[in-house]
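K.L.:
Keeping their order, the protein sequence lines are chains A and B. Throughout the first sequence, residue numbering follows our numbering, covering 33 to 282 in sequence. Throughout the second sequence, residue numbering follows our numbering, covering 33 to 282 in sequence.
No incorrect hints appear here.
The list treats identical chains as one, so a pair stands whether inside a single copy or across any two.
Within a straight-line C-alpha distance of at most 27 Å, the following computed DSSO-like cross-link-like pairs (lysine-lysine) qualify: (1) K154 / K168; (2) K220 / K168; (3) K154 / K220.
No wet-lab data here; the hints were simulated from the structure.
Number of protein chains: 2
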Amino acid sequence: MSEKTYNACLLVIGNEILSGRTQDRNLQFLGERLNSLGIRLMEARVIPDVADVIVDTINQVRGAFDYVFTTGGIGPTHDDITSECVARAFGVRHCEHPEARAILEALYEPGQLNEARLRMAKTPEGATLIENPVSKAPGFQIENVYVLAGIPSIMQAMVGSLQHGLAGGLPMQSRSLTVEAPEGRLAKGLGELQERYPDVEMGSYPFSRDGRFAVRLVLRSTREDHLATAASELEGVVAELGASARWDPV
Amino acid sequence: MSEKTYNACLLVIGNEILSGRTQDRNLQFLGERLNSLGIRLMEARVIPDVADVIVDTINQVRGAFDYVFTTGGIGPTHDDITSECVARAFGVRHCEHPEARAILEALYEPGQLNEARLRMAKTPEGATLIENPVSKAPGFQIENVYVLAGIPSIMQAMVGSLQHGLAGGLPMQSRSLTVEAPEGRLAKGLGELQERYPDVEMGSYPFSRDGRFAVRLVLRSTREDHLATAASELEGVVAELGASARWDPV
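Chain A on its own, in the form it takes in the complex (with noise of 0.2 Å):
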């Protein structure tokens, strides 16, 4: 852990996302395990299938932020183009990955490894790949840039595969209070707070239950001590409202 921040963009890679056919899971996970390991997800990007798109994409996010995970389109099909479209954002050839072709010549058998599954042995050159206990087909790394599987369980194995080599700084810590008050009520004595401490992060999410308003106020920050003060705080600009209060479950 260093006083160093990282940050990471994640792309999702499909026209299925895009057209409401599946709902994302990943960016959610990924958000809460980068968090957890000191580094914070600051943008993620939900591109089609078409690879002027994604090597554009990829050129554009890889120099701005310290890592860049992709997931969806790897797998044997014709939509499947991100492995060769990072080839090609990285201006290296896209060829065969003997230990990707071994594992899938592990997998597979005699006369099942059709040319379409062979594409999946196919990485950038120079690409490291990423172990998928799930079903074998591996990920892979290039520089800064991590390619993953878009179906979540798999997705989710290859990211614990390779956390262990992912540098961070602090984790971020977060501190989250239901008030039963409208927000509106709340702003001005949490805007007040929010400026005496400009290293707390403070969000403040409405929502209705039970046909009542309530909010959902959270504190992040990477220094404890600084969000335990600011914390105890709040609870008084809450109590100053009358409005009652509890501390979620961490």
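Starting from the structure of chain A, add chain B where the hints point.
P.N.:
Chain B only, in chain A's frame:
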């Protein structure tokens, strides 16, 4: 309806989505609804509550897409900065909208319309309001940018309010075939079919159910006739492999 195609970009604004605390639900809803209106969601970006990032992102995408939708950041608290950022992006003043003020005055008891809540009456100069039938505080539109609430029930109601004003092209039709076979066996036939039907987008989405691999093959097109022929040919491809398959309910 016309032959012109219309595209859109969604900006999901909010730290709570990137941290993984909140699962976004607005992308899926908007993707589906726009499809039915003949508008294709071609990109979505999730960005944090950081003013410069919001301003820059709006200016990157508003020239590149026919429509831009934003969700989140239009409430009364200090972290609700979408409205002022849109004004900055367009280079116009951020000022009180008389109709929005009247809506808020009708909503709150005398004395309850405090300074924080009055922030919700401000829009970029020249904006048109978007009605909020759920909790009243409106969204707004300026040129091709539509600014919506982040809470899904309110966001959905706002889309309902504005959708009749959105010009669209031919709606996207789709059919989905679930095949009890691993996609690696289907890949070759599907890829060949895709080549013969360039205006029918073919996607392959593997999943596992009860420990067996299956795949959902999705055909999408604005041309109902091409879709029907491609679907019929796809049945042939699957039958040749001896795999069982069924069309999913539309």
